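Student: Letter by letter, the chains look like this.
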Amino acid sequence: MKRITLLLILVLGAVLLKGVEDLPDWGDPLSPAARHVSDYYITHTMSDTAVPNIVTSVLADYRGYDTMFETVVIFCAGITVLTLLRRTHRQRKKVLPPRSDRAGADIVLQAASRLLIPMMQIFALYVVAHGHHSPGGGFQGGVIMGASFILLALSHDVKTLLALLHERTVLLLSGVGVLIYAGIGFFCMFLGGNFLDYSALAGVLGVSPVMARSHGMLGVEIGVAFTVTAIMVSLYLDLATGGELDEGL
Amino acid sequence: MVLEAGYLWPFDLLILPMVLILAVASLVVRDLVSAAIIFGAYSFLMCLLWTEMMAVDVAFTEAAVGAGISTVLFLGTALYIDRRSKD
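Chains A and B are the protein sequences, given in the same order. Offset between the first sequence (1-based) and this note's numbering: plus 14. Offset between the second sequence (1-based) and this note's numbering: plus 395.
These aren't lab readings, by the way, just hints derived from the structure by calculation. All figures in this text were calculated on a predicted structure; none of them were measured in a lab. One or more hints might be untrue.
As the list claims (entries may be wrong) - Here are the in silico distance ranges between beta carbons for each label pair: (1) L415/B with L130/A: 29 to 35 Å; (2) P405/B with P43/A: 23 to 29 Å; (3) A436/B with L20/A: 19 to 25 Å.
Claimed, not checked - Now the stretches of chain A that chain B is said to cover, found in silico as 3 or more residues with beta-carbon under 8 Å: (4) 144–153; (5) 157–163; (6) 245–254.
As the list claims (entries may be wrong) - Just a few of them, taken from the derived set where beta-carbon distance is under 10 Å, the chain B residues facing chain A: (7) M448; (8) A450; (9) A454; (10) T456; (11) L470; (12) T472; (13) I476.
A virtual CB, placed ideally from N, CA and C, is assigned to each residue, including glycine.
Make the full structure from the sequences, and use the hints.
Tutor: What follows is the structure, given as structure tokens:
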């Protein structure tokens with residue numbers, strides 16, 4: 015069986031490499047992908063949205079609808095893992111072998127993480143807020159924020175994390191993120207624009223329609239960051255404890 | 396800065412074979428914890444490749460999600476279940 019698999023992989027790999035020959039060169043300005051809408055984004059982003067980072071404006075504004083459902087995908091993934099793994103006290107049956115007891119907490123790790131976690135959280139906020147001007151945005155910032163909470167659970171224990179951030183809070187935050195994103199979209203409709211057309215927010219925010227699109231993007235990035243942070247923490251809690259939330263890694 | 400294809404080819408020559416070796420190694424290795432850590436290293440090298448191709452946003456995501464969170468989630472799961480892979 016293994017030989018057949020290996021042969022199949024080699025044949026498919028050869029076909030794939032043959033197919034790659036036809037792809038345009040890296041950075042080719044005449045490639046089909048670069049001739050369609052890229053020109054518009056490169057020349058109009060600054061005048062349309064006042065955001066220097068084209069990637070952010072494409073993700074959060076021009077393709078905002080797409081990104082909203084990407085956030086929903088992350089939300090669904092988190093909920094699915096929760097549904098499959100989470101076991102309450104009543105239905106505890108010990109399907110998996112019991113884990114060995116946790117060795118004593120390490121004071122060096124705890125002290126180091128206490129220094130590191132605030133730095134990570136400030137950096138995460140910076141990444142979310144500065145995504146308009148530099149690489150970054152809601153997804154990356156949310157992941158870094160989630161990682162800081164996971165570091166707390168790793169260096170102390172899961173109970174320390176849960177004392178600060180209850181499981182219900184985590185799940186509430188994951189829903190709030192999607193709600194912020196969709197809410198901004200519906201609010202734009204309420205003000206007479208299209209769904210996720212942030213320029214409709216200009217009157218409420220008291221800025222020009224161009225700046226309103228920039229601010230609207232910040233709003234949805236914050237929503238994405240909420241969901242991603244919460245789902246990352248939730249995934250860790252369920253995966254590392256086998257769904258019992260008692261003893262983690 | 397002028398963008399040229401193959402701008403950093405010695406860099407490519409160094410990274411690409413390592414990416415291949417790590418990708419195969421993470422599949423071949425029996426110990427799931429080792430596999431998770433090798434996969435983290437693979438993600439980090441991919442992140443360097445994205446940076447070299449000037450896709451900084453993608454590189455950032457790869458570093459945070461691929462090399463960071465995924466490795467932790469894999470490790471947490473691998474330590475919970477049986478560490479040894481059956482095949």
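Student: Each hint needs a verdict: does it hold in this structure or not?
Tutor: Taking the hints in turn, this is what the structure says about them:
1. L415/B with L130/A: 29 to 35 Å: holds, 33 Å
2. P405/B with P43/A: 23 to 29 Å: holds, 25 Å
3. A436/B with L20/A: 19 to 25 Å: Because 24 Å falls inside the window, the suggested range holds.
4. 144–153: The restraint on the segment 144–153 of chain A holds, since 4 of its residues have a Cβ under 8 Å from chain B and three suffice.
5. 157–163: holds (count 4)
6. 245–254: Satisfied; 5 residues make the cut.
7. M448: Result: holds, 7 Å to nearest chain A Cβ.
8. A450: holds, 9 Å
9. A454: Hint on A454/B: holds, closest Cβ of chain A at ~8 Å, below 10 Å.
10. T456: holds, 6 Å
11. L470: Holds - the Cβ of L470/B comes within 10 Å of chain A, reaching about 7 Å at its closest.
12. T472: holds, 5 Å
13. I476: holds, 7 Å
Every hint from the earlier list agrees with this structure, and none is contradicted.
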